[in-house]
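Number of protein chains: 2
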Amino acid sequence: MLAEILTIGDELLTGNTVDSNSAYIAQKLTEKGYWVKRKTTVGDDVEEIKTVVREILDRKPEILIISGGLGPTHDDVTMLAIAEALNLELELNENALKRIEEFYKDLYKKGLIDDPTLNEARKKMAYLPKGAELLENTVGAAPGAYIKLENTKIFVLPGMPREMKAMLENEVLPRIGEKKFIQKKLLAEITDESKLAPILSETLQRFNVKIHSSPKGFGKYIGVIIFGENEETIEKAKKFMEEKGIQFEEGW
Amino acid sequence: MLAEILTIGDELLTGNTVDSNSAYIAQKLTEKGYWVKRKTTVGDDVEEIKTVVREILDRKPEILIISGGLGPTHDDVTMLAIAEALNLELELNENALKRIEEFYKDLYKKGLIDDPTLNEARKKMAYLPKGAELLENTVGAAPGAYIKLENTKIFVLPGMPREMKAMLENEVLPRIGEKKFIQKKLLAEITDESKLAPILSETLQRFNVKIHSSPKGFGKYIGVIIFGENEETIEKAKKFMEEKGIQFEEGW
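Chains as they are written, first to last, in this note's numbering: chain A, 204 to 455; chain B, 204 to 455.
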């Protein structure tokens, strides 16, 4: 159940934009039972994207979610780079073209743009890697793509958070199966994290759980997240820690 | 002038925390003239960290900044993993030990913790890879490390944003040289991004600049960032674009 996330955009590498997309995607994948092993961010550069996509596929994650670089400008090169990484051709998707045309006509009617013409820049967004399934963008122009390889399901989503979230919800999550892994966030009332360490270690040895802890300020609380395959396992681990003297509250 | 950033922490891979650290670091590196080529995030896992550190070093960036996993708990394994990746031993740094001891004594005096003892978990933070230079943590317990390899300067910083920022400012930036690259953020008054595309392409061909554009909403503005080695080059590129009919305003 391993997954990886790749976010693409020069603005993420200059620090002009904080990559909240990958956290959002990670959260949804975690809820679905996937373990996100790695997140990577590269710029809007064909060679760089090709390289990193191939590296990720070599690690054979079950899911790869890619976000960013699907727009109409010179630096939106994600679909091209993915096609090249997979040795696929880019192919005009007539369905996508029709939707893009409708999208701009609609914006024109609303008085939001001056010109509804399907120019080259807009048309570019209708090209998907050959064999890819179109993922609908219900709130923007650029469609996404779903490519199923032998080992990996690849989903290519836009970078605009509103568009990415809608596509993730409507098009991606239904394709990746049922919820399998759950997490419980707790606050441990303990004065410092180093006291918690030996208890956590013992819990990890005894139960089939993963635990993350992070300080929430000295003299107050330590945030603890217990991950497990079901409520029961998590409750057992929690109870064991309580017996060792840790007092928990729910929530962060 | 290539740089890479590696952030470490399970909380980043479960989406419980948005990785604002890497954006902050990226921004500071960009201001210093570095081109951040890639950002990677992995969990608190020795093997995973080792693997990715070796991969990054193979790409020979001039700077590698690593953040996260320096605390006292079981899942803080960054220093150990880096030492293993570089085939170095972990060595108790007496200076670090003294500072950590003082840090907890001070918290104890302030009534923030119950026990000032230097237990094993706290002592763990005083171990640095052999030969590493200590980076002072002025606001927390865990010291950072600076390791100079033949090709790459590696800086290891805490993950708590307040501690990371202070260490970056006081200990890292003075070690990586003068400002060399600048960026100008502008707003282009143009109704949609696809109109801008051919003008951007022509500008990129003519001038030694990089340009990033991102829509700021339909019918309003498109954000444009021009990167160049000096004001003059940026101004020339900007002027060229204005002659092609783009009207700019400053700021986002």
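It should be emphasised that the hints constitute simulated quantities derived from the structure, not laboratory data.
A few of these clues could be false.
[Unchecked claim] No farther apart than 30 Å at their CA atoms in a straight line, the calculated lysine-lysine pairs in the DSSO-like style are these:
1. Lys388(B) - Lys368(B)
2. Lys333(B) - Lys326(A)
3. Lys326(A) - Lys441(B)
4. Lys231(B) - Lys240(A)
5. Lys240(A) - Lys388(B)
6. Lys240(A) - Lys333(B)
Results of checking the hints against the structure:
1. Lys388(B) - Lys368(B): holds (23 Å)
2. Lys333(B) - Lys326(A): violated (56 Å)
3. Lys326(A) - Lys441(B): holds (27 Å)
4. Lys231(B) - Lys240(A): holds (27 Å)
5. Lys240(A) - Lys388(B): Violated, because 34 Å separates the two Cα atoms, which is more than 30 Å.
6. Lys240(A) - Lys333(B): holds (29 Å)
In the structure shown, a violation is registered for the earlier hints numbered 2 and 5, in ascending order.
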